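There are 2 protein chains.
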Amino acid sequence: MAGDGAARARTGQRNPTMADVARAAGVSRPLVSIVMRGVSGASESTRRRVLQVADELGYVPDARARKLRQSRSALIGVVFRLGDPFHSDLVEDAYASCARHGYEVALSAVTGTRSDAEAALSLLKERCDALILLAPALDAGELSHLAEQVPTVVVSRKLEPASFSVVRADDRAGTELAVAHLVSLGHRRIAHLAGAGVVAADDREAGYAQAMRDAGLDAWIDIVPTGITEADAARSMASLMTRDRLPTALVTFNDRAAIGVLDIAARRGIDVPADLSVVGYDDSRPARLPYIALTTIAQNTPELMREAVALALEQISGQPPREVVLHPSLEIRETTAPPQVDV
Amino acid sequence: MAGDGAARARTGQRNPTMADVARAAGVSRPLVSIVMRGVSGASESTRRRVLQVADELGYVPDARARKLRQSRSALIGVVFRLGDPFHSDLVEDAYASCARHGYEVALSAVTGTRSDAEAALSLLKERCDALILLAPALDAGELSHLAEQVPTVVVSRKLEPASFSVVRADDRAGTELAVAHLVSLGHRRIAHLAGAGVVAADDREAGYAQAMRDAGLDAWIDIVPTGITEADAARSMASLMTRDRLPTALVTFNDRAAIGVLDIAARRGIDVPADLSVVGYDDSRPARLPYIALTTIAQNTPELMREAVALALEQISGQPPREVVLHPSLEIRETTAPPQVDV
DNA sequence: CTGAAAGCGCTAACAT
DNA sequence: ATGTTAGCGCTTTCAG
Chain A
6 MAGDGAARAR TGQRNPTMAD VARAAGVSRP LVSIVMRGVS GASESTRRRV
56 LQVADELGYV PDARARKLRQ SRSALIGVVF RLGDPFHSDL VEDAYASCAR
106 HGYEVALSAV TGTRSDAEAA LSLLKERCDA LILLAPALDA GELSHLAEQV
156 PTVVVSRKLE PASFSVVRAD DRAGTELAVA HLVSLGHRRI AHLAGAGVVA
206 ADDREAGYAQ AMRDAGLDAW IDIVPTGITE ADAARSMASL MTRDRLPTAL
256 VTFNDRAAIG VLDIAARRGI DVPADLSVVG YDDSRPARLP YIALTTIAQN
306 TPELMREAVA LALEQISGQP PREVVLHPSL EIRETTAPPQ VDV
Chain B
6 MAGDGAARAR TGQRNPTMAD VARAAGVSRP LVSIVMRGVS GASESTRRRV
56 LQVADELGYV PDARARKLRQ SRSALIGVVF RLGDPFHSDL VEDAYASCAR
106 HGYEVALSAV TGTRSDAEAA LSLLKERCDA LILLAPALDA GELSHLAEQV
156 PTVVVSRKLE PASFSVVRAD DRAGTELAVA HLVSLGHRRI AHLAGAGVVA
206 ADDREAGYAQ AMRDAGLDAW IDIVPTGITE ADAARSMASL MTRDRLPTAL
256 VTFNDRAAIG VLDIAARRGI DVPADLSVVG YDDSRPARLP YIALTTIAQN
306 TPELMREAVA LALEQISGQP PREVVLHPSL EIRETTAPPQ VDV
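Chains A and B, in that order, give the protein sequences.
So the first sequence is numbered by the working numbering: it starts at 6 and just counts up by one.
So the second sequence is numbered by the working numbering: it starts at 6 and just counts up by one.
These are calculated hints, taken from the structure and not from any lab test.
Just so you know, these numbers come straight off a predicted model, no measurement behind them.
Hints may contain errors.
Treat identical chains as interchangeable: a pair holds within one or across any two.
[Stated by the list, open to error] Pairs of lysine to any residue residues, derived as SDA-like cross-links and limited to a Cα-Cα distance of at most 25 Å, are as follows:
#1 Lys163 with Glu339
#2 Lys130 with Arg54
#3 Lys130 with Asp25
#4 Lys130 with Pro66
#5 Lys130 with Ala47
#6 Lys163 with Ser76
#7 Lys130 with Val65
#8 Lys130 with Glu109
#9 Lys163 with Pro230
#10 Lys130 with Val44
#11 Lys130 with Ser45
#12 Lys163 with Ser334
#13 Lys163 with Gly63
#14 Lys130 with Ser33
#15 Lys130 with Ala101
#16 Lys163 with Arg119
#17 Lys163 with Pro326
#18 Lys130 with Arg71
#19 Lys130 with Gln75
#20 Lys130 with Arg28
Make a model of the complete structure from these sequences and hints.
This is the structure:
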């Protein structure tokens with residue numbers, strides 16, 4: 006029973022400390038430390054008794070004191086954008102990858118009122134052993150400055166690795182994959198909904214153009230700029246529909262744009278994929294919903310984070326920063342099919 | 006310039022400490038502490054000099070040491086479900102509310118592989134002054150056990166406040182609002198898509214039934230059970246459409262179900278709101294997207310978190326736990342309109 | 001296998 | 001306004 010500890014907490018007394026446990030168990034303080042950390046150096050009987058006493062007292066080790074005393078904090082800080090599905094996936098993978106290497110994760114969120122710099126600073130104060138920044142909105146200079154203070158890994162931004170490491174997927178290769186898939190289905194009038202001014206959008210657009218040329222479809226290259234939200238894409242799609250001939254397939258720069266397109270298509274009676282094939286980009290959670298089932302380009306988030314953590318550990322152990330570029334893959338679902346009528 | 010500090014970090018030396026700053030500035034350590042905390046007790050000239058030296062050295066205060074020394078950690082722990090839009094909103098509000106009271110936020114995520122209990126334990130180790138749990142999947146016993154160790158506030162779950170405080174919106178009142186809105190538009194055949202086995206779904210269903218009775222529409226009460234995903238709702242909607250007469254309006258137990266309905270409606274050529282009015286529940290981010298524009302019940306997340314933080318502070322200052330029930334509100338957007346043909 | 005002593009970086013309490 | 005001393009809870013030596 007947690008009688009004693011509970012009573013203490015309820016009456017506003019301090020939490021039990023290691024010394025309390027040692028006293029109650031009739032052993033020295035360091036011995037309790039040994040038992041709590043699960044390292045060797047205590048007999049089995051002592052270990053059992055100490056653990057039982059600790060449990061009875063409701064003892065919880067103080068992470069602040071532990072990390073202060075240890076040279077390394079065994080903490081990897083992750084800066085992510087709150088509410089972003091792609092970041093949510095990455096954070097989940099971060100927990101898994103860090104745990105495999107004996108590290109804990111310290112989270113710091115970027116929100117409408119909390120900048121990347123603020124988020125990173127709070128982790129710096131916690132003395133994380135390394136920082137992993139998910140697509141941070143910081144320029145190279147700010148990132149370098151940060152990286153001089155702590156090993157830093159930038160995820161999913163195309164940046165020259167300098168004092169920090171970079172891990173990202175090859176965005177050009179991604180849209181090339183998308184176009185190649187549509188070409189193999191028999192499409193020729195393939196348009197691209199391009200993200201205007203969005204990071205990574207340039208590479209995705211270049212990959213689209215390259216793949217069209219490679220397929221001998223130079224004449225059909227058709228780039229429609231759009232904004233970052235579903236609503237922007239819906240508007241662009243609506244304007245596309247005022248044309249004489251619609252494309253038979255659409256490659257969008259991200260899933261949100263693709264979903265905006267799907268929505269408008271449904272409302273206007275355009276059958277996807279019979280009348281129009283759509284390929285998104287990101288393989289975000291909504292894309293995987295069965296009733297959306299969007300064919301899309303996946304960045305392989307587990308591998309992205311596995312590499313990010315590996316790069317962090319490399320830097321912690323003194324190795325120089327470097328860049329890792331991963332290959333995206335095609336997830337074929339239900340929004341692509343051969344065109345009903347060819348050109 | 007951060008020359009010295011940077012060089013240190015890059016060559017793997019330790020970070021500068023307060024003692025380093027004191028030495029370089031030619032003052033005592035506590036004086037540096039006074040300056041860094043911005044409290045009174047240092048002359049303006051000293052203050053300026055210390056701050057400049059600290060900046061040159063690239064000094065960042067060590068949060069672990071500070072929190073260890075202080076009796077209170079000035080930290081409020083928040084346990085949230087990663088990737089849940091409602092939780093994302095709440096966390097964002099938590100940052101704002103905590104900052105107003107001089108508290109920082111320590112985040113701990115619940116994921117597919119990380120339970121509420123694990124998430125809470127890691128915050129316990131950080132010695133947070135209080136914990137705020139967002140719709141935790143823990144039973145009353147587990148919550149009580151936790152609350153004996155640290156002031157605890159449970160958000161958005163209907164639970165008898167015991168050793169912990171509870172803040173939630175009135176779910177019955179929410180669906181009553183939804184039905185009343187539809188009735189005022191002239192609807193009578195109003196069905197409810199009910200969440201099977203989901204927390205809060207019972208109250209929402211009860212509120213629907215109550216409001217129907219209050220409007221004298223007992224005969225039209227029509228409760229269709231469904232699952233928790235958009236796809237579940239889409240299936241339920243499809244089966245609803247095999248009936249002779251469709252309802253003219255639908256109240257769903259959450260936004261995800263509503264969005265599943267909207268999707269199927271668009272695909273089957275049912276015009277929302279002309280043929281069918283739809284009211285969701287939660288006012289989640291997707292509901293607010295302009296191309297969805299879902300009429301829905303809002304829980305007022307800023308107020309929910311404002312109350313949660315207030316309840317946490319109350320408990321920290323020794324007051325007993327209690328319950329706060331907030332009133333939800335109706336957000337009228339574009340998925341509701343008068344019925345085209347009445348019964 | 002166990003215990004005594006020192007110290008991580010900081011702040012609170014007391015001096016001056 | 002500034003300096004001195006002590007100690008937060010833990011882990012790490014180093015002696016037994």
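Here is what the structure says about each hint:
no., hint, in the structure
1, Lys163 with Glu339, "neither (30 Å within a copy, 40 Å between copies)"
2, Lys130 with Arg54, "between (37 Å within a copy, 22 Å between copies)"
3, Lys130 with Asp25, "between (29 Å within a copy, 16 Å between copies)"
4, Lys130 with Pro66, "both (21 Å within a copy, 6 Å between copies)"
5, Lys130 with Ala47, "between (35 Å within a copy, 23 Å between copies)"
6, Lys163 with Ser76, "neither (33 Å within a copy, 44 Å between copies)"
7, Lys130 with Val65, "both (23 Å within a copy, 6 Å between copies)"
8, Lys130 with Glu109, "both (16 Å within a copy, 12 Å between copies)"
9, Lys163 with Pro230, "within (21 Å within a copy, 47 Å between copies)"
10, Lys130 with Val44, "between (28 Å within a copy, 19 Å between copies)"
11, Lys130 with Ser45, "between (32 Å within a copy, 23 Å between copies)"
12, Lys163 with Ser334, "within (18 Å within a copy, 44 Å between copies)"
13, Lys163 with Gly63, "neither (48 Å within a copy, 27 Å between copies)"
14, Lys130 with Ser33, "between (32 Å within a copy, 22 Å between copies)"
15, Lys130 with Ala101, "both (24 Å within a copy, 20 Å between copies)"
16, Lys163 with Arg119, "within (23 Å within a copy, 31 Å between copies)"
17, Lys163 with Pro326, "within (15 Å within a copy, 50 Å between copies)"
18, Lys130 with Arg71, "both (15 Å within a copy, 10 Å between copies)"
19, Lys130 with Gln75, "both (15 Å within a copy, 15 Å between copies)"
20, Lys130 with Arg28, "between (34 Å within a copy, 21 Å between copies)"
Consistency with the previously given hints fails for numbers 1, 6 and 13, ordered from lowest to highest.
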